[in-house]
Amino acid sequence: MPRLIRMDHTGHSTLAKWRATDDADFEAAVEAFRRELDAGYIGVVPEGEGRATQVTELPAEADLVIMRRPIAGG
Amino acid sequence: MAATAEPALPELAAVPWRKRASRDSLRAWGRLWTVWTTLSVLPFAAAAVGLFLLEPLSFPVGIACLAHAWIIPELYAFRGVGVVRPKGPRHARYEPVAQGLLGDLLGHESRELQRRTGLALERGRLGVWLVGEAGALLLPPGGRRVSCFCVGTRERELPPSDRIAHLVLALRTDEEGFATVANKAFSGAAWRVRRRLRPEQRPALAAGRTEARRQRTRHGPTGARRRAVSN
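Here the protein sequences line up with chains A and B, keeping their order.
Here the first sequence is numbered in the working numbering, starting from 1 and rising by one per residue.
Here the second sequence is numbered in the working numbering, starting from 1 and rising by one per residue.
Worth flagging that the hints you see were computed from the coordinates, not collected in a lab.
Honestly, I wouldn't trust all of these hints.
[Stated by the list, open to error] What the simulated footprint calls covered on chain A by chain B, stretch by stretch (three residues with Cβ under 8 angstroms from a Cβ of chain B suffice, anywhere in the stretch; the number is not a length):
#, segment
1, 9-20
2, 48-54
3, 58-71
The structure presented is a predicted model; accordingly, all values stated were derived computationally and were not measured.
Each residue gets a CB set at the ideal place from its N, CA and C atoms; glycine is no exception.
Kindly produce the complete structure, drawing on both the sequences and the hints.
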């Protein structure tokens with residue numbers, strides 16, 4: 001089942017899970033995703049070793065969407 | 001994928017004055033470091049030799065000059081390698097959870113290496129990356145040089161593995177953008193960097209050098225550049 005997770009102080013938190021066939025679940029996940037974007041998080045879909053794509057809308061077909069904080073030079 | 005894909009890291013907006021990093025710009029930066037190191041070492045070495053030729057009894061001063069010539073690049077390397085030293089709170093309670101997620105992101109080999117050394121190995125177009133909690137080392141194809149980048153998330157409450165996962169995901173999203181956002185700390189010979197790494201981190205550098213040599217063998221000295229262009 002696809003998951004939306006956020007990396008945070010607990011390691012990570014699962015914000016939403018959805019089935020492609022369940023519109024209500026997916027809508028709730030979309031709302032959670034937008035809330036995280038508004039809070040400054042960045043959505044990323046890991047695509048196997050060495051590849052990831054940044055997303056600004058929740059992709060229904062992704063297995064895993066991770067919310068990360070911005071990085072900066074130290 | 002239906003979602004909007006953005007190949008450029010959003011963090012680039014915070015550094016609009018920086019030119020996007022490329023294989024050529026990183027090579028030029030490496031050469032600059034070589035010139036700088038040479039200019040730092042040569043005057044002291046020349047002074048040591050000159051003094052000895054003029055007056056052999058001045059050898060203690062010559063030894064001090066040679067020590068300076070040795071220490072200056074070592075200090076630069078020490079500062080550079082600092083980017084991958086473990087930093088900040090360890091968050092022992094939640095680290096296993098974060099370690100699990102990071103392990104899912106990494107391949108089997110890299111996962112094992114990261115657990116042993118604290119550095120995650122990533123293969124990129126610019127070379128082989130060793131990603132730590134607050135920075136990364138880049139080994140261009142060939143593995144003789146190491147460039148040190150200081151970059152990380154500002155969230156100190158994150159467990160160490162989450163900090164690494166942040167960097168891995170950003171690197172995978174946009175490698176050149178990652179190298180642009182990061183602050184450049186040092187670039188120099190791999191042997192010099194190895195000496196300044198913690199003993200438990202050295203196997204990661206060895207694995208990175210092996211992989212970087214393979215990249216050079218596979219693609220040739222300029223092959224990786226051709227591959228980057230074709231991508």
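| query | If you check each hint against the structure, which ones fail? | reply | Hints that this structure does not satisfy do not exist here, as all of them hold.
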